[in-house]
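Please arrange chain G on chain C, whose structure you already have, making use of the hints.
From first to last, the protein sequence lines are chains C and G. The opening position of the first sequence corresponds to residue 1 in this note's numbering, with each subsequent residue numbered one higher. The opening position of the second sequence corresponds to residue 355 in this note's numbering, with each subsequent residue numbered one higher.
Do not take every clue at face value.
Said to hold, decoys possible - BS3-like cross-link-like pairs, simulated, lysine-lysine; straight-line CA separation at most 25 Å: (1) G:459 x C:275; (2) C:169 x G:397; (3) C:263 x C:115; (4) C:169 x G:389; (5) G:418 x C:263; (6) G:418 x G:474; (7) C:224 x C:115; (8) G:504 x G:414; (9) C:169 x G:482; (10) G:418 x G:397; (11) C:26 x C:222; (12) G:482 x C:275; (13) G:397 x G:495; (14) G:432 x G:418; (15) G:414 x G:432; (16) C:275 x C:115; (17) G:432 x G:474; (18) G:432 x G:407.
No wet-lab data here; the hints were simulated from the structure. Every value quoted in this text rests on a predicted model; they were computed, and no experiment measured them.
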Amino acid sequence: MNCPRLKNWLDERYDRKEITKLAKSKLVPEHRHDLWYYTGGITLFLFILQFLTGMLLAFYYVPHVNFAYESIIEIVTKLNMGWFFRSFHHWGAQICIVFLFIHLFGTLLLKAYRKPRELLWVSGFILLGISIFFGLSGYLLLWDERAFAAVRVATGGAGAFPIVGGFIKAFLRGSIDVTGDTLLRFYAFHVAILPIITLALIGLHILLVQFHGMSVPLSLEKRKLRQVPFFPNVFYKDLMIWLVVLGGVVTLAVLLPPEIGVKADPLVPPPANIKPEWYFLFLMQTLEFFPGTILGMNGETIAILCVSAGILFFVLIPFIDRKSARGEKSTLFTWIGVFYLLYFLTMTLVGFLS
Amino acid sequence: MKLNYSLITRRTFLNTLFFGWIAAFFSGTFYALLKFAFPTLGKEPDFVVLDRKDFTNLAKNSVKPFPWGGTVGLYFTKDNGSVMALKGVCTHMECNVAYRPDERKFYCACHQGWFDDTGKNIAGPPPKPLEIFEISEEGEKLIIARKGVKVELPKA
Chain C
1 MNCPRLKNWL DERYDRKEIT KLAKSKLVPE HRHDLWYYTG GITLFLFILQ FLTGMLLAFY
61 YVPHVNFAYE SIIEIVTKLN MGWFFRSFHH WGAQICIVFL FIHLFGTLLL KAYRKPRELL
121 WVSGFILLGI SIFFGLSGYL LLWDERAFAA VRVATGGAGA FPIVGGFIKA FLRGSIDVTG
181 DTLLRFYAFH VAILPIITLA LIGLHILLVQ FHGMSVPLSL EKRKLRQVPF FPNVFYKDLM
241 IWLVVLGGVV TLAVLLPPEI GVKADPLVPP PANIKPEWYF LFLMQTLEFF PGTILGMNGE
301 TIAILCVSAG ILFFVLIPFI DRKSARGEKS TLFTWIGVFY LLYFLTMTLV GFLS
Chain G
355 MKLNYSLITR RTFLNTLFFG WIAAFFSGTF YALLKFAFPT LGKEPDFVVL DRKDFTNLAK
415 NSVKPFPWGG TVGLYFTKDN GSVMALKGVC THMECNVAYR PDERKFYCAC HQGWFDDTGK
475 NIAGPPPKPL EIFEISEEGE KLIIARKGVK VELPKA
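Bound-form chain C, shown alone (with noise of 0.2 Å):
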């Protein structure tokens, strides 16, 4: 396709040159760590694989206590290819977590957020932080007895927080229960606070990038490396892996179509195997370690307060670790970001198989 009247209209009002010469300046370096880097893009691609099933999905799809888990049941019975879509949003965004904390951790262990790119760190855990909440709403759109629990609990246990903890429950929940104003409040979470902020956090993630450039590992920094150009090498590997993590994603929402519990009801206690969604289980399985009690003080709120202090020492770790902010080897924050990794997955696993 060469449309020469076309080109001409643009080049008149913009400087295109400029803009390939740009495109084309992007370089990113080749190691033996690099596979690291499509992680970033795989995420990417499945926010917006996300964006389009949801966008999808909200044509269909009531927010009222009394007929959301209905309308799911009848997107999945009665509507042409429903049964897919809503399978596919499903499946996007439990694979779509788990690439985000692979690259979260691939992150933390090669000491990519260290000077100058504290801030590429700080913005993409926030990204982390409401693609979690993203999960949560997401899943009490459908208003069964699992969602239900998760949401009572998650919401509740944000209420143990000292002083702020009854504002933020009361926010969420819109009521002192969970409630259909619950489901109101979530459903606008959903699809329209968290895509506002999702979309700017993404900009600014994705300029911060451009503008450092990519982050080599310490071990390789003193090496001379081969840069290849990322239009249109790199960007071909990222279609390719694209379209594998697509095919994957396709392959399990067709096998493996989400279940749908049996729909809400506060009267009723929720079943006695009941587990959140799988991002949940290490805070779960955190929270049973604590007793009710402590000393004499709630055994919640010193829960509570010691998984944000765990959370919020891992979001300062770039500010704290000043060895590899100089360019030095840090094996203190590697065993650091080890014992992360470690507690995460033995974490999940014991509350997966428990």
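Then chain G, alone, in the frame of chain C:
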């Protein structure tokens, strides 16, 4: 006393006026936004009125749920025929508890919390016993109230 020069410059004065005005404007705006975003919360009921005939001749060693505000209350008939009413919500993270008749305990599935048949927390993370209600009867009405609450029924 008359000063020869002003203590504040014209610029400081105008800046204060300008940013003060901006601060006032935005705090008003945010206050309104926050007021709207935070709903006026209802409160938990002090008592609920149930129909007495729904809660007579219940099987021993069983519970029957009743709505307690937005959550659940449990009307518990013990082995010896005595009854008690309690809030069926775990004191740990607010999941509903289930009665296990063969073990004579209440169980919270969310984080494996246990309560005995008096509502006392005996195992797992729950920090407090289940809330026990007072039961009273008035004609055909069964009134379940929080402890120490004076029930005043509206005149029908």
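Going down the list of hints, with the structure as the test:
1. G:459 x C:275: holds (21 Å)
2. C:169 x G:397: holds (14 Å)
3. C:263 x C:115: violated (50 Å)
4. C:169 x G:389: holds (15 Å)
5. G:418 x C:263: Within the cut-off at roughly 20 Å; holds.
6. G:418 x G:474: holds (19 Å)
7. C:224 x C:115: holds (20 Å)
8. G:504 x G:414: Roughly 29 Å between the alpha carbons, so the hint for residue 504 of chain G and residue 414 of chain G is violated.
9. C:169 x G:482: The hint holds at about 20 Å.
10. G:418 x G:397: holds (23 Å)
11. C:26 x C:222: OK: residue 26 of chain C and residue 222 of chain C at ~20 Å, within 25 Å.
12. G:482 x C:275: holds (23 Å)
13. G:397 x G:495: holds (23 Å)
14. G:432 x G:418: holds (12 Å)
15. G:414 x G:432: holds (6 Å)
16. C:275 x C:115: Cα-Cα ~39 Å, so violated.
17. G:432 x G:474: Since the Cα atoms of residue 432 of chain G and residue 474 of chain G sit roughly 15 Å apart, the hinted pair holds (cutoff 25 Å).
18. G:432 x G:407: OK: residue 432 of chain G and residue 407 of chain G at ~18 Å, within 25 Å.
Going through the hint list in order, the structure does not satisfy hints 3, 8, 16.
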